[in-house]
Amino acid sequence: MTPTVLVVGELQDGHLTGSTLEAIGVARSIGGATVVGFVAGSAAKGTAVEFGRFGVAKAYAAEDARVDSAPTAVTAHLLRPVLESSGASVVLVGGTTFGRDLLGRLAIAWNAAVATGVTELSPVEGGLRVRRPIFGGRATETRRLVAERVGVAIRPHAFPSPTEAAVTCAVEVVATIEIPAPLLAPQRLGVARPAGGSGPSLTDASIVVSGGRGIRGPENFHLVEELAAALGAAVGASRAVTDAGWRPTSFQVGQTGRAVSPQLYIAVGISGAIQHIVGMVSSRTIVAINSDASAPIFKVADYGIVGDLFQILPALTAEVRRARGLS
Amino acid sequence: MEIVVCVKPVPEAETRLRASADGKNLDPESVKFVLAGYDESAVEQALLLKEAVPGSAVHVVSYGPGPRTEEVLRSAIALGCDRATWVESPNDDGAAPGVAARALALAVAPLPHDLVLCGKQAGDDESGIVAAALGELLGVPDFSAVIDLRWDPAAARLKFQRATEAGQETWEAPTPCVVGLQQAWNDPRTAKLPAILKSRKATIAKVPAGAPPPTGPQNLPEKFELPPPRTGAKMVEYQTPEEAAQKLVKLLREEAKVFP
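Protein chains in written order, with the working numbering: chain L, 3 to 329; chain W, 303 to 562.
Hints are computed from structural coordinates only; laboratory data are not their basis. Please read these numbers as outputs of a predicted model, since none were measured by experiment. Just so you know, even glycine gets a beta-carbon here, dropped at the ideal spot from N, CA and C. Check each hint, because a few of them may be wrong.
[As the list claims (entries may be wrong)] Cut-off 25 Å, straight-line C-alpha distance, at most; resulting in silico cross-link-like pairs (DSS-like, lysine-lysine):
1) W:Lys334 with L:Lys301
2) W:Lys536 with L:Lys301
3) W:Lys352 with W:Lys494
4) L:Lys301 with W:Lys552
5) W:Lys559 with L:Lys301
6) L:Lys301 with W:Lys549
7) W:Lys334 with W:Lys500
[Unchecked claim] What follows is a set of in silico ranges between Cβ atoms, one per label pair, in the way DEER data are often shown:
8) W:Asp454 with L:Asn113: 30 to 40 Å
9) W:Glu331 with L:Pro316: 44 to 54 Å
10) L:Pro162 with W:Ala458: 45 to 55 Å
11) W:Gly368 with L:Val126: 27 to 37 Å
12) W:Ala457 with L:Ala246: 26 to 36 Å
13) W:Glu314 with L:Gly89: 38 to 48 Å
14) L:Gln189 with W:Ile498: 35 to 45 Å
15) L:Pro125 with W:Lys461: 42 to 52 Å
16) L:Gly128 with W:Glu527: 15 to 25 Å
17) W:Thr472 with L:Glu180: 20 to 30 Å
Here chain L stands alone, though its shape is the one from the complex (with noise of 0.2 Å):
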């Protein structure tokens, strides 16, 4: 059998996200598959030929300019008729949020055997098995998904951007349908990037450096700001440093704040509690830097360093300037 993999991309700054490509550079490992495109708004037309670039041949454009402020249920609405017609059989999304909202919308009104956070998939006979860390990564499963349709998001940084192999994409505009009014009525008034905004978003970056408690004051987190500089990397914060306000409560990595899942974690001041710690604990790499040698961070991390963080962090910034040949 050779299915049809439909790519649902997700948009920002009228591009194909990071967790997009991924899900495109997964789509084309599953083997003998035809892998369509599909993206809904307002720019949805002139986005859709990016898949190309990935080598993505067709792609279906829903040219509507009702899903730009609206909720992910209309993308999930405007999608139907394209499952349909492009008689996809698996559907691959980013593991975000966005990813994640569309799915529960698929498993419903698509009958599809969903799974989420997906870090290894691989076709069996009648679906897809998917391998996937769950209890904050304290464990992994691995499930069958059996099923004539699958739909799959997949974790954040656990596959490379696909490379570019640049095909010309067909484009085909879809008809506008009716949306149901109740999924038209919410509206997004607005968005507030993270503060600092230059550097890649806390769960779209494959570095993330987060500081906690043992910063001790707003004045001195520019030390963990100028190692994420150096580092490319996003930032990130313990709940103790949002609870205090010395950082907006977008930047929280742990339980109630974001998951991150990066190639390289690097805790500064932060002792590690469980509540962080499942928030963090599934990135490939940990450091920690802490001043307590008993600190529970340094059970998880893989590299630990004991010391003064205000003497550690300026002559590690410098280094990694260094060693990267930054001036």
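Given the coordinates of chain L, work out where chain W should sit on it, guided by the hints.
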């Protein structure tokens, strides 16, 4: 405002996990079950809204096997929820995403529900799809990763923020809708002893889950694995901060191979 809050019993965060005898699932006998972390926030947010909007009531609903499901419902009543419904599942099949949402929707649909709240994801399977699936099943919009949920009586709309990958989004929405909560205004309250004692006698409505469709998507557990125990960090020995920095960069570059 008629508020329904959906909750799930999950193993306590500090519990040591163990695989079942067939190696396919968590061994439920090995753990202590509590209200899921984000669900605690959802209950807290429901109670805060009840206090803020006169004439409100909170109905807590859970799907799962006994006795743990009944216990988390009683703990929600002890916290201040007014009524409880237990959708009893015949077995431990709650891990298949979609199954729980369908069972919950059957119980929620006949209840008055201006707002359906749940945690944005449960700390066990971490699927995070129940809010969206409930939205689809109930025919209303859904929002996940919600923080700072408020009711604006003048506009008759919910106003809230969402913490998504794009940043902090500001939203407003009429009711009814489903909200997957990330954070309440406050830390979840703890129940007082008299309320706990009283909750033991509270009436819990029991609803059968209904038979699953004979055909349809199957989501079959094959293996439940625990990672090798972490051996603790390799500690960097150093005399000066500069030496510590050099050694760490070398380890990240040559051993871990994660240096950019």
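Now for the hints, and whether the structure bears them out:
| no. | hint | in the structure |
| --- | --- | --- |
| 1 | W:Lys334 with L:Lys301 | holds, 23 Å |
| 2 | W:Lys536 with L:Lys301 | holds, 10 Å |
| 3 | W:Lys352 with W:Lys494 | holds, 18 Å |
| 4 | L:Lys301 with W:Lys552 | holds, 21 Å |
| 5 | W:Lys559 with L:Lys301 | holds, 21 Å |
| 6 | L:Lys301 with W:Lys549 | holds, 20 Å |
| 7 | W:Lys334 with W:Lys500 | holds, 22 Å |
| 8 | W:Asp454 with L:Asn113: 30 to 40 Å | holds, 37 Å |
| 9 | W:Glu331 with L:Pro316: 44 to 54 Å | holds, 52 Å |
| 10 | L:Pro162 with W:Ala458: 45 to 55 Å | holds, 48 Å |
| 11 | W:Gly368 with L:Val126: 27 to 37 Å | holds, 34 Å |
| 12 | W:Ala457 with L:Ala246: 26 to 36 Å | holds, 32 Å |
| 13 | W:Glu314 with L:Gly89: 38 to 48 Å | holds, 46 Å |
| 14 | L:Gln189 with W:Ile498: 35 to 45 Å | holds, 42 Å |
| 15 | L:Pro125 with W:Lys461: 42 to 52 Å | holds, 45 Å |
| 16 | L:Gly128 with W:Glu527: 15 to 25 Å | holds, 23 Å |
| 17 | W:Thr472 with L:Glu180: 20 to 30 Å | holds, 27 Å |
Violation of the numbered hints given earlier is absent; every hint is satisfied by the structure.
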